[in-house]
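Listed below are the residues making up each chain.
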Amino acid sequence: MVILEADKIVKIYGETSGESVTKALSGISLSVKQGEFVAIMGPSGSGKTTLLNILSGIDKPTSGVMTIAGHAINKMKRDELALFRRKQIGFVFQEFNLLDSLTVKENIILPMVLEKKSAAEMEEKVQTLAGLFEIEPILQKYPYNISGGQQQRTAVSRALVNNPGIIFADEPTGNLDSKSSTAIMECFEKIVQELKTTVLLVTHDVFAASYCQKVIFIKDGHIHSYIVKKGSRKEFLNQIIDNLAVLGGRTYDI
Amino acid sequence: MTFKQIVWKMAKVQYKKYLIYFLCNSFAVMFFFMFSTVYFNERIIEAKKLDGIQDALAVPAVALVVFTVFFISYAHNVFMKRRKSEFGLFMTLGMSHRDISKLLLLENGVIGLCSIVTGIIGGAIFSRLFFLLLMKSVGLEEIPFHFNGSMFLYSIATFALVFLAAVGKSLFFTLKKDVIQSLRSNRTAETIKLKSPLFGGFGLVMMFGSILMLYFSFSKSNGGELLLWTIGVLIGLYISLNQSVSFLIELAKKNKPFYYRRLLLLTSLDYKFKQLTSILMLVTVMIMVTIIYTTLLLTIYQSSEKDAIEGNPYDIAIVQAKTKNNLSSEEISSIINKQDNPIKQHLKMPIFYSIQTLPGVEGYFTNVVISVDDFNKLTSQQKQLQEREYINYINEAPEYVGNSNDDHQELAFNIGSKERTYQQKGMIAVKSINNLSYLHEFIIVNQAEFELLKKNADGFAAEIQLFNVANWKNTADVVEILDKKVKHYSKTAPQIADRAGIPSQQEFFQMASKIDSYQYHKNSSGILFCVISFLSVIFFFGTFILLYLNLFSELDLEQAKYQKLYKIGITAREVKRFISNELATLFFIPLVLGTTLAYLYVAILATDVGGIMKNPEILLHFVIIASGYLCIQAGYFFYARRKMCTNII
Ligand SMILES: Nc1ncnc2c1ncn2[C@@H]1O[C@H](COP(=O)(O)OP(=O)(O)OP(=O)(O)O)[C@@H](O)[C@H]1O
Ligand SMILES: [Mg+2]
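In the order they appear, the protein sequences are chains G and P.
Okay, so the first sequence: first residue is 161 according to the working numbering, each after it adds one.
Okay, so the second sequence: first residue is 821 according to the working numbering, each after it adds one.
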């Protein structure tokens, strides 16, 4: 079953202001099936963040159609989108995006608070997720008192709290060292395997990308190519590196 | 591009920041100047009928200075907060501490000077208007408006002092501290570290406890206790503003569903209240003080007519010595009697002022003796007295006189070398003579005894002349003429007695009229009321600017926060509601607190005159002024909310 479908997405920046016009996406089409674990890679400035923001409804495309779980989100209004986002979508950001004034636990339940879920439900959900991602000891701490990896695991928990159908992640390991990165990618693996949630992530990190089942390469706003994992992660890693060499642009940290 | 050009370019781009800072300072100078045109007006200082005004104006003057200190230093802090990030950038680009200091001094110097110039000019223009309005509203149009050196000197000096102190402090910290480091510090984190729910609970207890203590101990306590509990209230208030949200959060956490539903609002308020404690405190206290002050003054002002009538049963009263060279009764009558305002009633009341030494005691003992016949004429009573009997008469409404049960006392007068004793036959308290100094308590005896005492006892005879005319409000002219004459004659009157404790003739031979008392009250409380109203407007305006500037100085943080929330999926409607709740709390909590405190103080002060419920006019004035404040504050709130919403959504 297809959960995400995008058709000929175009995004042009600076059309209204009329200063310098940038065509960030020039007609991207893709579809993601339920339970898939997909990475998007590409050189800096190729339009990855733009694509992810549009697919998740944070940003609006200039033209194109996207549907998530059968809802045409390009037709939705701003507030409708916001509601849809917090019910159906989870988002993990490179800079964590946690609120400083809330504790880890409060940050996690924030989407449920907005949804006006019952307190018992929130408590239960927090306990499950904290157990899954091993952040129970820090639930009462504030974001500035915990490590980057812990912050990102908090953010992942928050993304999952409303049982979304799909999770988007924009360079979730971009601010983390390799050990924390591994922990985060293992979290995503758990999400896909245990919770059967779809994950679409953007990354520069080939090591992170190798956890996925499929990697889509984009360049200058086009889909350049994609590869699917067949064998072990090690083999997939090498395949990704080869493909990136073909893509050119810049060297990737391996 | 040189450094100077970069700095200049950035300044040009962000001219708004400078403009706001400049306007704040300019306003401060302007208000100072406007106030000083009243404070230092020569006629107001001199005017005899405005006795005590200067002292009464001292309280608002101090309040204005305190407020200005707050205002200027806050405006400066907001300016510096925005400026610091740029200084950080300049320093990473290689600018030295010295260069930064020079830049800081240059900017502030230019802005300070411009503020003084524009503030004085603006003040000079508006003060004339303000002055005319003020004087017109209290009916003192004849007082001329003028400028003098002190007005300029004091307003410029006060401003300059406060401004320099603020700049000096910034300079010190720029030189001392690493600007870049202070840039990186996380304000939210620092604020959370200050959390202390227990202390918040303590603050609330302290505030409400002090209010209760104040209320219950007022009637029997002295001024010292009042001050003590007031300080208690203020300290409690400060702690509460700072910590009570933390305390409430701790309480709310006990009820999870309640807490979670208000999670964002409560945590955000906790942060805001800690950041804005001083300003909120300032707003609360200013509201409290101005409401108390204006309510009381308005009440006094409104009651000046009532007071004048109550204090002076007759339109004009004159005390004269019974000697030949004096203002004759006919002359007085002819002055008072005007065709359009004729004399309706004229009463002469002979009095005898007895002075006697007490055996064995140092000092003197004075009594004012009148005859029972005169008293009966005065009060239309039918009192009868026998030989050697007297009645103690107090010229005061009975409710102000305590019940003295020292009936049947004896009073002795020295007649020659013998003593003549009188038995008391009761006490009468009634207000039937104007408020005249030394003539408050009388001894009533019968006519024969009165003549006897006058002839034989030590002392002197005088006469109170009491007049009623058709309309006392038209007696200002004749009272002025009479006043001069009475003063002239009292100077030449025979010396009463050259002894300590005995009034001089100028003090004793006096006059008291409704119109004088009325004008005195009306002028002094009227001017004060207007000055306080004017200051209240300034305070209100100023505190709003402060609150507004401080709220919006962290706009970038707010935007970032809502951007984060938007990505999680908060709707614009929710954001609006959230901002609305938050701002409502910030704007109305000080108002509610200030008004409540003001009400309590007014109620406490009103216990002196029989309690607030017995004085509906005080309550009414309070309600009028408080609702005026509510309207203004509501206006500010809606404005700030609209501004905030358009900036964030
Ligand atoms: N808000 C914006 N306004 C104008 N142009 C933008 C905006 N956001 C991105 N762009 C431009 O669109 C293009 C794609 O940007 P995008 O952020 O999607 O790239 P990216 O692949 O995420 O890059 P990186 O790997 O560095 O994060 C870039 O050329 C960028 O300059
Ligand atoms: Mg990006």
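Each hint should be verified, as a subset may be incorrect.
Straight-line distance between alpha carbons at most 20 Å, and here's what the computed SDA-like set of lysine to any residue pairs gives [stated by the list, open to error]: (1) P:1381 <-> G:283; (2) P:1074 <-> G:247; (3) P:1076 <-> G:254; (4) P:1092 <-> P:1077; (5) P:1076 <-> G:300; (6) G:247 <-> P:1382; (7) G:237 <-> P:1082; (8) G:276 <-> P:1007; (9) P:1074 <-> G:379; (10) G:301 <-> P:1074; (11) G:277 <-> P:1468; (12) G:237 <-> P:1081; (13) G:285 <-> P:1396; (14) G:301 <-> P:1079; (15) P:1381 <-> G:305; (16) G:277 <-> P:1398; (17) G:277 <-> P:1013; (18) P:1074 <-> G:235; (19) G:247 <-> P:985; (20) G:235 <-> P:1193; (21) G:276 <-> P:1014; (22) P:1387 <-> G:300; (23) P:1074 <-> G:248; (24) P:1013 <-> G:247; (25) G:301 <-> P:1398; (26) G:301 <-> P:1014; (27) P:1073 <-> G:284; (28) P:1013 <-> G:248; (29) G:237 <-> P:1076; (30) G:301 <-> P:1357; (31) P:1073 <-> G:283; (32) P:1381 <-> G:308; (33) P:1073 <-> G:254; (34) P:1384 <-> G:308.
To list a few chain P residues with every Cβ distance to chain G over 10 Å, as calculated [stated by the list, open to error]: (35) 956; (36) 1008; (37) 1011; (38) 1046; (39) 1077; (40) 1080.
Since the hints were made in silico from the structure, they are not lab data.
C-beta: ideal position from N, C-alpha, C; glycine also.
So, going through the hints one by one against the coordinates:
1. For the suggested pair residue 1381 of chain P and residue 283 of chain G, the alpha carbons sit about 24 Å apart, so the restraint of at most 20 Å is broken.
2. Restraint check: the Cα-Cα separation between residue 1074 of chain P and residue 247 of chain G comes to about 28 Å, which exceeds 20 Å; the hinted pair is violated.
3. About 31 Å separates the Cα atoms of residue 1076 of chain P and residue 254 of chain G, which puts this hinted pair outside 20 Å; it is violated.
4. Distance hint between residue 1092 of chain P and residue 1077 of chain P is unfulfilled; the C-alpha atoms sit about 23 Å from each other, more than 20 Å.
5. Restraint check for residue 1076 of chain P and residue 300 of chain G: the C-alpha separation of about 15 Å stays at or below 20 Å, so the hint holds.
6. Taking the CA atoms of residue 247 of chain G and residue 1382 of chain P, the gap is near 18 Å; set against the 20 Å cutoff, the hint holds.
7. As the CA atoms of residue 237 of chain G and residue 1082 of chain P are separated by approximately 26 Å, the hinted pair breaks the 20 Å bound.
8. Between residue 276 of chain G and residue 1007 of chain P the alpha-carbon distance is near 29 Å, which puts this suggested pair outside the 20 Å criterion.
9. Proximity of residue 1074 of chain P to residue 379 of chain G is assessed by CA-CA distance (about 54 Å); at most 20 Å being required, the pair is judged violated.
10. With a CA separation close to 18 Å, the supplied pair residue 301 of chain G and residue 1074 of chain P stays within the 20 Å bound.
11. For a cut-off of 20 Å, the pair hint linking residue 277 of chain G to residue 1468 of chain P is broken: about 26 Å separates their Cα positions.
12. Using a Cα cut-off of 20 Å, the hinted pair residue 237 of chain G and residue 1081 of chain P is violated, with the two alpha carbons roughly 25 Å apart.
13. A hinted pair counts as satisfied when its Cα atoms are at most 20 Å apart, and residue 285 of chain G with residue 1396 of chain P does not qualify at roughly 28 Å.
14. A distance of roughly 18 Å separates the Cα atoms of residue 301 of chain G and residue 1079 of chain P; the hinted pair therefore holds under the 20 Å criterion.
15. A distance of roughly 19 Å separates the Cα atoms of residue 1381 of chain P and residue 305 of chain G; the hinted pair therefore holds under the 20 Å criterion.
16. In summary, the hint linking residue 277 of chain G to residue 1398 of chain P is supported, as the alpha carbons are separated by about 18 Å, within the 20 Å threshold.
17. With a CA separation close to 30 Å, the supplied pair residue 277 of chain G and residue 1013 of chain P exceeds the 20 Å bound.
18. Between residue 1074 of chain P and residue 235 of chain G the CA atoms are separated by roughly 43 Å; this puts the pair beyond 20 Å, and the hint is violated.
19. With a C-alpha separation of about 54 Å, the suggested pairing of residue 247 of chain G with residue 985 of chain P is violated against the 20 Å cut-off.
20. With a C-alpha separation of about 103 Å, the suggested pairing of residue 235 of chain G with residue 1193 of chain P is violated against the 20 Å cut-off.
21. The suggested pairing of residue 276 of chain G with residue 1014 of chain P is violated, with an alpha-carbon distance near 30 Å, which exceeds 20 Å.
22. Under the criterion of a C-alpha separation no larger than 20 Å, the hint pairing residue 1387 of chain P with residue 300 of chain G is inconsistent with the structure, at around 24 Å.
23. Note on residue 1074 of chain P and residue 248 of chain G: the hinted pairing is violated, with a Cα-Cα distance of about 31 Å set against a maximum of 20 Å.
24. For the hint pairing residue 1013 of chain P with residue 247 of chain G, the CA-to-CA distance comes to about 34 Å; that exceeds 20 Å, so the pair is violated.
25. Distance check on the hinted pair: residue 301 of chain G and residue 1398 of chain P sit about 25 Å apart at the alpha-carbon level, beyond 20 Å; violated.
26. Distance restraint check for residue 301 of chain G and residue 1014 of chain P: the Cα-Cα separation of roughly 15 Å lies within the 20 Å cut-off, and the hinted pair is therefore satisfied.
27. This hinted pair checks out: residue 1073 of chain P and residue 284 of chain G have alpha carbons roughly 17 Å apart, not beyond 20 Å.
28. A hinted pair counts as satisfied when its Cα atoms are at most 20 Å apart, and residue 1013 of chain P with residue 248 of chain G does not qualify at roughly 36 Å.
29. Of the supplied pair hints, the one linking residue 237 of chain G and residue 1076 of chain P is violated, its CA atoms being roughly 33 Å apart against a limit of 20 Å.
30. Of the supplied pair hints, the one linking residue 301 of chain G and residue 1357 of chain P is violated, its CA atoms being roughly 45 Å apart against a limit of 20 Å.
31. Between residue 1073 of chain P and residue 283 of chain G the CA atoms are separated by roughly 13 Å; this keeps the pair inside 20 Å, and the hint holds.
32. For the suggested pair residue 1381 of chain P and residue 308 of chain G, the alpha carbons sit about 19 Å apart, so the restraint of at most 20 Å is met.
33. In summary, the hint linking residue 1073 of chain P to residue 254 of chain G is not supported, as the alpha carbons are separated by about 31 Å, beyond the 20 Å threshold.
34. Simply put, residue 1384 of chain P and residue 308 of chain G have alpha-carbon atoms about 17 Å apart, close enough for the 20 Å limit, and the pair holds.
35. Listed as outside the interface, residue 956 of chain P is consistent with that label: its C-beta sits roughly 53 Å from the nearest C-beta of chain G, beyond the 10 Å cut-off.
36. Listed as a non-interface residue, residue 1008 of chain P fails to keep its Cβ farther than 10 Å from every Cβ of chain G; the least gap is roughly 4 Å.
37. Against chain G, the non-interface label of residue 1011 of chain P is violated: not every CB pair exceeds 10 Å, the least being about 8 Å.
38. With a least CB separation of 40 Å from chain G, residue 1046 of chain P remains clear of the 10 Å interface cut-off, as annotated.
39. A Cβ of chain G approaches the Cβ of residue 1077 of chain P within 10 Å, the least distance being about 4 Å, so the stated non-interface status is violated.
40. Non-interface status of residue 1080 of chain P relative to chain G is broken: a Cβ of that chain comes within 10 Å, the nearest being about 5 Å off.
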